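S.K.: Protein chains in written order, with our numbering: chain P, 1 to 168; chain D, 1001 to 1097; chain L, 2001 to 2623.
Any given hint could turn out to be false.
Stated by the list, open to error - Simulated crosslink set (DSS-like; lysine-lysine; CA at most 25 Å straight-line):
hint, chain 1, residue 1, chain 2, residue 2
1, D, Lys1082, L, Lys2589
2, L, Lys2589, L, Lys2602
3, D, Lys1082, P, Lys83
4, L, Lys2160, L, Lys2112
Claimed, not checked - Reference listing, derived: stretches of chain D covered by chain L, where coverage requires no fewer than 3 residues with Cβ under 8 Å from a Cβ of chain L:
hint, stretch
5, 1070-1081
6, 1084-1092
These are calculated hints, taken from the structure and not from any lab test.
Predicted model, so just to flag it, every value in this text is computed and none were measured.
In this text, a Cβ means the ideal position worked out from N, Cα and C, and glycines have one as well.
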Amino acid sequence: MSLISLALYIFEALAGAAALGILLVRNVFHAALLLIVCLISLAGVFVIYNAEFIAVTQILVYAGGVLVLIVFGIMLSSRIAGKPLVVTNQYVLPASLAGILSAGILIKLFSEQPFAQQPGALPGNPMNQTGIALMRDYVLPFEIAGILLLIALIGAAVTASSFYSKKQ
Amino acid sequence: MEHTLILSSILFAAGLMTVIVKRNAIMVLIGIELMLNAANLNLVFFNRNNPALSGHFFALFVIVVAVCEAAVGLAIVLRVYKYYQTSIPDQLTELKD
Amino acid sequence: MTNLTPSEILLALVLILPLVSAGVSFIIPERYSWATSLTAPLLLLVTAILSFVLFFTSEDLQVSAVWFSIGATEIPFSLLLDAASRLMIVVVSTVSFLVHLYSMGYMGYDQKITRYFGMLGLFTFSMLGIVLANQLILTFVFWELMGFSSYMLIGHWMEKPAAARAAQKAFLFNRIGDAFMLIGILITWIQQTSGNDPFWQTTGVICIFLGVVGKSAQLPLSFWLPDAMEGPTPVSALLHAATMVAAGVFLLIRINPLLTEPALTVIAITGIATALFGAVCALNQFDIKKILAYSTVSQLGLMITAIGLGAKDAALLHLFTHAFFKAGLFLAAGSIIHALSHQPNNTLDVQDIRNLGGLRKKLPVTFMVFCVTGASLAGVPLLSGFLSKDSILTAAWNLSHPTTQFLFTALILIVSFLTVLYTFRMIRFVFLGNESQATLHESPWVMRIPMILCAVASSWLLVSLNPLHISGWFIHSFPGAEASAIASIISAVTVLIALIAAVLLYSKQTSPKTIVMLQNGFGVDSFYQRTIGSAVLYFASAAEATDKKVLDGFLHFIVYAHVSIAHGIAWFDQYIIDGVVDTSARLVKWAGSFTRSFQGGKIQLYIFWAVAGLIIFLFFVLI
């Protein structure tokens, strides 16, 4: 077992454990923190699988953007400040049934396919190639994604603003 | 059988269960993020030796969309909370009848 | 029908005018009811004059048209005017006119005078129809019409229970006869069209004869006639003289060619029995009108006997003479009743001869008329009755078989002997003897004239120029009626002996005597009452019980069954059909609410169901 493999196992175990933790904890804030753990672990997995750019984006966007948004959401939607936002569970039995079944189906399907390829390094500089492909082959989706982000930003700002609602 | 695929399955199932089980809109969003990450993990895994990098870009756009979704979703959650004084999705049954 | 000869127009007028009179009488409103007593006699006068014109001018005439048709069979509307019917329409219209005239006085103050004259017109119309009809079905129609109008007339004073009962009785007795008559007509008709079986021919003729028995009051259906005296006296005159009872005799004359040998025997025996019965009964009555009624029964019996002996012309002759003298007798009796009942403080029964007497001085005209017509009835020479009775006697005398010859001659002589007796008895106790009434007034002229005319018509001149033998100017009407000199002598002698006997018998008596049983018509009537009446009542009650128990029970059963079925159907409807509908509605509702329960607005539950569906899909597709 190489070091890389060990790191892969560790990251994967962390990610899985964090995901299960999200499922089990009651405190929303704890769940948010566990989500950060999960996302960063996944970023480590992405690095190992030769997707450095994705890993960076993951950390920047998710850990830096989405998580901040979520934490703000938690803060703004807890009625009494200082008291932790605790959630209760519902539909536990059907939900666990659905989850277990879906996981089982996925695992069974994956196990039937031959994906046994050892991870190896891609030829050339991946980051360089990513930038070239992004600016050349995928420039249109890239621009559309930018516009999408802009629209989402404006929409989120307008939706959340109390100004608009007061005007109504 | 790859352990990464097992992880992705577990992530997906955990996200799904979170979405269904938790009585809080923010937790629902967290569950959705988990499911999206499970998809991203698969995309990256299957593209690990592909020089065309198409899986990577797919994952990239998924992240972008996830961000948008999170931003808009949280805005809606806040707006709903202001309006209904609750963030429990099942209590918002305005469209029932 | 466009080119009618004058005779045909006259014929139609004679037939229609009485009907017009009836119609006019019914149309005239109550306030002007006095007008009917002018219009009806006037129209009848026209009818009588026209019938005389027809009698003297017309040839034999036959009018025929298709009345209606059943399939290929055409029923003709056929009228025949021959010697017999020519004579009869004169008799009918004349007597009817005289009765109308008489009624003007007799019924002058009656309240229902319009109905009276209307029915009288209808009565005359139907009799004229019977006389003229040349077809049995047409005859039957008029026959029934006459039964109806006689019912109305006999029951004219229907507020009197006796009158209502008498009308019912007359109608019922006639109905019995009519039922047989209809059967007889149908049998005869079938015989004419198909086959010529002597047995059925005889049966048919005897059935028709039973109808005649009912109408002409022969034994055993003769008891309605005395009861029919409850009607107004002019009606009795018309009924006995020219219409009703004469219709039967006339019908027998008409169907004479159809009569077979056995039928003739039956007819002759019935006739002579009735004649004897009527004469004996007439001898034992107190009621003046009932004496006359039984005498009519007796005389009709003689006519029927004559037909049975094959002398239809003798029968027609006697019918003709009898019409006038019997009308005269009834009109005279009516005059007596009229005079006495208009007397104040009268509580006695004015028709009872025990209460009468000595009216000769008080009512001289009535007395004269009564004597003349009564003598004619008795068969006194120089009067019409003598001639017609002679011809009947001759018919019996000329029979070939010695036993029957002797028998019938003797019986007819006995009948005429008895006739003289009861006629004399009547005159004796009504007009002679002690005066019992104080002041009386003769009837008005309008009543006296018809009486006198009837009396005049009872003389021999109407029938024959020779007062002792039929050889006169009307002889061409009765080609078959003949009288032998021996018969005439025998008849005259019998009348003489009877007169002497009557004078000896009755001049000593101060009040009439009677035998109770004979007074009630040999008790046959009460026998009918006891046997047939009680049997009918028993059957009626039995039928009522059957109706109540069996038929009603059956009906109730059906009704209950229906109700039960209805309840069953209602149950089925409510629970099965409605149940199906309700269940399907509930199913839809349940399905709706079931699917609606998914639309609870619970987003996470939506997600769960979506995932569950996806899982199931994947489970089946991929694994």
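S.K.: Each of the hints needs a verdict: does it hold here or not?
M.R.: Going through the hints against the structure:
Proximity of D/Lys1082 to L/Lys2589 is assessed by CA-CA distance (about 38 Å); at most 25 Å being required, the pair is judged violated. For the hint pairing L/Lys2589 with L/Lys2602, the CA-to-CA distance comes to about 22 Å; that is within 25 Å, so the pair holds. Only pairs whose Cα atoms come within 25 Å are accepted, and D/Lys1082 paired with P/Lys83 is accepted, the gap being roughly 18 Å. Restraint check for L/Lys2160 and L/Lys2112: the C-alpha separation of about 14 Å stays at or below 25 Å, so the hint holds.
For the stretch 1070-1081 of chain D, the stated coverage by chain L is not satisfied: 0 residues place a CB nearer than 8 Å to a CB of that chain, which falls below the threshold of 3. With a cut-off of 8 Å between beta carbons, the stretch 1084-1092 of chain D has 3 residues touching chain L; three or more are needed, and the interface restraint holds.
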